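J.: Given the sequences, and given the hints that come with them, work out the whole structure.
Every letter in the sequence shown is one number past the one before it in our numbering, and letter 216, counting from 1, is 216.
If you are wondering where the hints come from, they were derived from the structure by calculation, not from laboratory data.
Please read these numbers as outputs of a predicted model, since none were measured by experiment.
Not one of these hints is a red herring.
Here are the simulated BS3-like pairs of lysine-lysine, each with C-alpha atoms no more than 30 Å apart in a straight line:
id: 1; residue 1: Lys251; residue 2: Lys224
id: 2; residue 1: Lys251; residue 2: Lys222
id: 3; residue 1: Lys35; residue 2: Lys222
id: 4; residue 1: Lys224; residue 2: Lys35
Derived CB-CB ranges, DEER-like:
id: 5; residue 1: Cys231; residue 2: Met82; range: 42 to 48 Å
id: 6; residue 1: Ala236; residue 2: Ser40; range: 44 to 50 Å
id: 7; residue 1: Asp233; residue 2: Asp210; range: 39 to 45 Å
id: 8; residue 1: Trp19; residue 2: Asp247; range: 28 to 34 Å
id: 9; residue 1: Cys61; residue 2: Asn232; range: 34 to 40 Å
id: 10; residue 1: Ile59; residue 2: Ala133; range: 31 to 37 Å
Every residue gets a Cβ at the ideal spot worked out from N, C-alpha and C, and that includes glycine.
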Amino acid sequence: MKRQAAGDGPVLIAAFEGWNDACHAASDVARHLVKRYAGSEVREIAGDDFYDYQTARPIACHATGRQRIIWPHTTFYGIDIMPGRRWYVQIAPEPNYRWREYCRRTLRIADELDVNRIVTLGSMFADCPHTRALPVDVEENGDQSSCDPDQRYSGPVGIPTILDDLAGEEGFDTTSLWVSIPQYLGDDGCDQAAMQLLERLSDLTGVPLDLGDLPSRADAWKAKASMLVRCNDALAEYVHRLEQEHDRDAKARQEASLDGPACEQLIREAESFLKDLG
Numbered sequence: 001m002k003r004q005a006a007g008d009g010p011v012l013i014a015a016f017e018g019w020n021d022a023c024h025a026a027s028d029v030a031r032h033l034v035k036r037y038a039g040s041e042v043r044e045i046a047g048d049d050f051y052d053y054q055t056a057r058p059i060a061c062h063a064t065g066r067q068r069i070i071w072p073h074t075t076f077y078g079i080d081i082m083p084g085r086r087w088y089v090q091i092a093p094e095p096n097y098r099w100r101e102y103c104r105r106t107l108r109i110a111d112e113l114d115v116n117r118i119v120t121l122g123s124m125f126a127d128c129p130h131t132r133a134l135p136v137d138v139e140e141n142g143d144q145s146s147c148d149p150d151q152r153y154s155g156p157v158g159i160p161t162i163l164d165d166l167a168g169e170e171g172f173d174t175t176s177l178w179v180s181i182p183q184y185l186g187d188d189g190c191d192q193a194a195m196q197l198l199e200r201l202s203d204l205t206g207v208p209l210d211l212g213d214l215p216s217r218a219d220a221w222k223a224k225a226s227m228l229v230r231c232n233d234a235l236a237e238y239v240h241r242l243e244q245e246h247d248r249d250a251k252a253r254q255e256a257s258l259d260g261p262a263c264e265q266l267i268r269e270a271e272s273f274l275k276d277l278g
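T.: So, in structure tokens, the structure goes:
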């Protein structure tokens, strides 16, 4: 059953810590939204049915002056992204067990909150240079038809992909956003990736989102990465090769996107320029 088009209705943004969250960029975006827009808890999914506590361990917290045990669980926050525009944010460690049941509970909560569109966020390590814009892959309603067949992913998937798939079967509009992060920089935070995910989310939803201090933190991340590369000749050579591959692929995509009339126009402009030079 297809639901009513999402339009300006409530959107659920979902991010999961763990395998799907390289440098915790995806969960950083979710937390950024909750913090910048003063989110309040509206629902939760308890963890006992879904987590192996030897893998996702409880945490002892002493913030209130006495010890409190925080168990792995899922929290849903409500945020007013702008007047009359309500979003929800789901933050959780990736479950260890019963993924289908976990997703069904998530979708029941989405139903209760009148959500029509679900956006899952993810981040992954890849061979890409930090000196260029990081790649952000977008898939809407499970459609990969616009992708190069050689670049379509086949292989193990995480909970965001399962949630997308089951949400699509239930008639929700779905969008999946994945940012790639240079694997040579390790697993520290990557504010550049978080910023680009947030910017892409803004583009797709048509909502201007507050970036806060992410731009300055992204600049600091790039400066630190560049310093690391300058101190290692082998790494510098590797990054230079990635830059060449990135630029070559970008040029090929740009040329492929040009239709016949556009190409002819470019040729005419080039011929006119060269004629004027003569």
